[in-house]
Amino acid sequence: MKNTFLTMLAFAFALTSCEFDEGFEEMNVNPNAASQVGVENKIAATILYTSGGRYENWRNSLIYNSTLIQHYATTAGYWSGDKYYRVDSYATSLWDRYYPSAVKGIEDVIDQLGKEGNSGTEMGIARILRVVIYHRLTDTHGDIPYSEAGKGYISGTLKPKYDAQQDIYMDMLAELEAAVAQISGDSSLLGNADSIFSGNATKWKAFGNSMMLRLAMRMTKADAASAQAWAVKAISGGTMTSNDHIAAVTHTDGPEGINKNGHGEVFDVDSQMRMSATFGAHLADDPRLSVLFAPGSNASTIVGMPNGRTSDTYTGTDGVSYAGISDRNIYAQTHPVLRGKDVPMVLQTYAEVEFLKAEAAIRGWISSSAEDHYNKGVTAAMKMLKQLYPASTAITDAQITTFLAGPGKLAATFPANWEMVMDEYWKVTFLNEYEAYANWRRTGYPTLSPTQHPNSVSGNQIMRRMIYPGGESATNAENYAAAVARQGADTWMTRMWWDK
Amino acid sequence: MKTKFTRICTSLLLFFALTLSAYAQQISGTVSDENGVPLPGATVLVQGTSNGVSTDFDGNYSISASQGDTLVFSFVGYASQSVVVGSSATVNVSLEPDNTLEEVVVTALGVQRNTKALGYSVTNVDGDEISANPTTNAINALQGKVAGVNITGSAMGAKGSSRVVIRGSSSLTGNNQPLYVVDGITINNNNLGAAGMWGGTDFGDGISSINPDDVASVTVLKGGAAAALYGSRASNGVILITTKSGLGAEGMGIEINSTAQFDTLNTSLWDTQTTYGAGSLGQVPSNSASAMDNMWSAWGARMEGQLVPGFDGISRPYVYSDNKDKFYEMGTTFSNTVSFSTGDEDGNTRFSFTNLDNDDISPNSTLDRNSLGINTTQKIGKNIRVDANLKYILEDQSGNPRLSDGPGNANWIVNNYAPSMDVNWAKGPNGDGRNDDLTEFQATPSIYIQNPWFAQNYYVNDAEKERVIGSVNVRWDLSDAIYIRGRVGADRYDLHRTTSEPYGTGYKPLGGINHYKLAFKQFDSDFFIGTDNLAITNDVSLTAFVGVGSNIVESESLAINGNDFIVPGLSSINNVANKSTGYGYNEKQINSAYGSAELGFQDYAYLTLTARNDWFSTLSLVDKDAPNNDLYTSATLSLVLSDALDFGDAISFFKLRAGVSQVAGGADNPYRLSLSYGIFGQGHLGASLGQINGGQIPNSEITPFEKNETEFGFDIRMLDNRLSLDATYYSNETVGDIVGVSASATSGFGSALANLGEITNKGVELLLKFKPVVTEDFAMEVSFNYTNNDSEVVATNDTNGNISLDEPRDRNLRVTHIVGEKYGALYGTYFERDSQGRIVHETSQGYPRPIVNSGRKILGFGVPPQQLGIGASFRYKDFNAGFLIEGKSGGQIYSGTNNRLIGYGLHQMTVPAGGREAGLVPDGVLEDGSVITQSISQAQQGSYWGRYNDAAEAGVRDSDYMRLRSLSIGYTFPSDMLEGTFLQSASVSLIGRNLFFITNDVENVDPESAYNSNNSQGLEFSGMPVPRTVGLNVNLKF
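Just so you know, the sequences run in chain order A and B. To convert, note that position 391 of the first sequence is 390 in numbering that gives the first Met the number 0; the numbers rise steadily by one, no gaps. To convert, note that position 727 of the second sequence is 726 in numbering that gives the first Met the number 0; the numbers rise steadily by one, no gaps.
It is possible that some hints are incorrect.
[Said to hold, decoys possible] Some chain B residues close to chain A (C-beta under 10 Å, calculated; not the full set):
1. T218
2. V547
3. G689
4. S743
Keep in mind the hints are simulated off the structure, nothing from the lab. We treat Cβ as the ideally placed atom computed from N, Cα and C, and that holds for glycine.
Using the sequences plus the hints, can you model the full thing?
This is the structure we're talking about:
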């Protein structure tokens, strides 16, 4: 018995000589991952995330935004925006995708640049890109997590507070001003990682000021004085001056989804959308009609589909009977040359800048000629097509001249002139549906008639915002509640700060 | 991989490489009962070894033993007898009947222990109960049989994984399933694919590849005390599976076991409205576009046979179509096993081969599984015994259905087609759901909802798994008292999964294909030294061991993804325009040192103490301050009062037991302590793309979590063992649970890793057995088991906020851990109600519609706390019969299927008593508090119910049920009938599973049709229907 004990004790003692975790520290390092990658790799990815994937470009951009502002119409039941149905996951698709990709990426980029001591051109570019991302989010939802967002790892903030939209705007404007000031020289170190301007720093600078102008003008209803001050600052800082300055993400048709234009991917699989009759009416005398749209099956002319219809006849809440559309194929489709997966995704165009300047001139904030800005804008809007899309979209100088002299001639008096400028803004932001939807909410132009389907959740009015993701009321309850208390109920009709 | 640890510890082996030899001789004799009648099949064992033989038909045995060895003779129902080998080569014994059954169970590390000495609850299930009425996933055959063990199959048909939870979930976000140990070696139980909110396919789990026909017994070690010696991986309990050996082989040793089973749809479950067909606003589709748009909108007119345009332009009578009956087929499962056994006193061997061939009820969904097994035990010299076993399993799964709300889930559309839409119309011009140009014959208005025939005929969801599980166990008796044991085992499998969305699929016009290859390896080794029943004094005995162990897991994966087929119809990776590849690797290791000591006092009191220290590679990191290891202990006490005190004849056995234990656990996954970055995709315009890996915020200071458990119980047997009751109370708590604390998506991450979780489970387990009649011709046994487990989430994170798990596609609900509540709340949107609980309605569109509060509240809990099983078995002469009724209660389910059926107008509740034409007056009030009197017209009812089902509450049901889980009637041919034939024995039985529900609170779907087996229980969404199964089993021994 004694021997038994001694043997077992000897064994137990021998165990104490073992190093039980030898090699464990090395083993727990992922051999296929890096502890850091180059900032240019992250920016390249973040730009593509900003352009967006098929998911949110389909749901938020096209299904909601494009039909709410009547670029498109459809009879398909899941195209919720056309009849103001509620589909939460469509309304929150930009939020759901942006925060874990574009937002997370840009915050990490800025953190890394800061740690690497970069306070120059690349930091400036990153800060402009950051504004582009948050601007789209806040214009979609109103108050959003901004100052604390995307920093789960950097600062450990798991439940970012929602900043008031007004504060977000003021900070974004200050950011743009600082960012533009950081950019020096003609080129950045980003090179081909920059799929917007291929490393051209001058164009980023113009883009930064143009974004400043866009943000400034968005505030005209809420805070006209600040709007004027920032607009003037932006214009004097130097905005885009030609179509060479257009901010658009370059895409390729593959090899993977992330390389492709998200809208192009939608056009590949979803053929429900038709040119809205409203858009068709505005394009009737515009040379872009046959460039942007192709005629339907049995019509020699390009016909738009009325918004808010279904395949069956129904009685709207206004008591009117809306005839069923049994054959959607008679209506105009997006022209095939615009549907490519390799066409650029536009963030902001030079034409938009000229239209905003025209508005500023109409408001008397700048002394230059409104009509001059307007004419430059229309000309740029028509000429840019062949730059963005295949050459067959080219519009001749003669066509432009005819348009500007005829139906496109700017009205002389307010508000007719303002309406014309904003209608053109609406046209040029076709396929930049976030911007088109936001600008309509600010200006009310173009004049749109709401649809009347009885299943509307917005009381048959055009929705004013997208609701927050339901999950936020669970995972970020207090901040969500504070945002709702400040901004108003989390509904489709609650107006955000600049839309009051 | 080779570490200093293994080198040092290998030298330990040499240190003990002492040889002891003694003179062995052959002992033989006869074992008989108290009347001198020979006992065939009695066990003769050399004490302290695994050297054992069985007596033959005439009660004779022969065994190799040395002088001084103790032979232990045992037979069920008789008291064991020990005889010390003297000079005589013949030892005859006669056994006395015993009322206190001496049961031996295999416990942790393969150590056999008398149940008497166990201070914790262990449940043993005989292998016959699994192989006689089998389930394709062997573990499902245990449903309702073991108190404290909650088994839930997934709604995936025959090939699915199962969720097994013992004594409640102990981790908030980590693994909650038990450790599986097969013939002493831990095997991997990873789920090889699961459905989430966006769909997915289940490719089974680790345990699903174990052959039910080879199982000799299943032992469930429920508590922490039982599992302490398996270490951290046993923190959720252990299920020990012992496969059949050649011990006791008779005759030619050939056994044939064949089962044929037939699955049919349980049509009693499905009960949707059959009055109104496709359409909207109360009208039939007026044209083919409308027919297409309204394919799953059953808001049309009354079906009266009128001719109505179809989606394909053909007008047909507007009548009800039973689509489930038309779509699903009869399923078949054929399982055939042949085994060969041979043995003598020096060892035995069993070889088996099983083919299982399953055709599921979903078209083109099959499983083919071939299992080869060899178990051998051999004595080498006098003191060394080697047990070795090897299993080779080749599994082919094909046509696994897609589940949940993913494209290609045929169940979804078969469930939701409006009653007037005949699923056979979707077969299209070629009868297979495909057009002449090989594209999908579009029979739904959404490109994301596939034609069901196209989905089942042309989607590829296949997996081939080749698995080898093997172990070698060597025991060397160094002396009478001391032994050393070494064990090595490996579980490795190669998985090749092929999934393809065919050319012409609606949402993916050019299609795509993915190949995924996974090579998984797990190595276990243990080395320990111990003593069995060492007499310290006359009254005190010691059974003890100390040892070291190591567990290494390595997995490596390769994926090739292809998109855009070039030649239509050729689903090959060589036929794609775009390819990308992926590579994954991970490795982790746990090293351990452990010891156990069992002190016995006068054979009625036993105290067992254990200690173990585990080191975790997953918690190791350079410059980490917090520990990567933890020491934990257990103590259990068993008091056999019936041996210590005289209770008279009424009580034949009475044991009290108590135990306290700890188990520590590490992180499941490696590489989670630090942030890492990856380059992904194939770059863009020449630039590489980089980003943060993963959606979880890492934490470098994670330490092991601990689970503490206390249990008390007793085991009492009365009336000559006719009545027995085994009762256990347990209470466990997990502290420092390694959780993924939920983060708002706006943080950029989904969760953050932290040591903050705390959860408790308290419960009772009862097992009552009663044998009211035991005669020569007729015997009856009834058993009843009951479990109640109360869980509570005690802590989640620093602010005790909610932890969010999965959400269903409707996104109106999330499985959520909420402090102070039970595990896994169904937390979702709900109806606004007045003080009397009536639903409040708004009238913004001119008619009342329910107000759905977009906030969240607790609507239920996905895990039922109570479960019971009532089993009975009967034997009359050569006939036998048995059944098992199984039930669960106290839980809830979010039925996505029913929620959709309501919104789409298929649910019975969407038809008011007087029909839709008579209008609907909702039960509820308006915002001013007045009771609703306004009748909603037929045209507006679709909108009403469309609003109604916005509330998650509309889909939540109690998931209580009680069902006839299994039934069998068998006949064993009497031995005199078989005389003169080759047959040793023959039996045949009729078997049935899931035949009917006795009670069921969920309409239209099986209450156990969760679409995955992860921690988010209680989510149901158009899974495979659970069929009724009937079959025939034949067993022949030669």
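Taking the hints in turn, this is what the structure says about them:
| no. | hint | in the structure |
| --- | --- | --- |
| 1 | T218 | 27 Å, violated |
| 2 | V547 | 6 Å, holds |
| 3 | G689 | 3 Å, holds |
| 4 | S743 | 4 Å, holds |
Of the hints listed earlier, the one the structure fails to meet is number 1.
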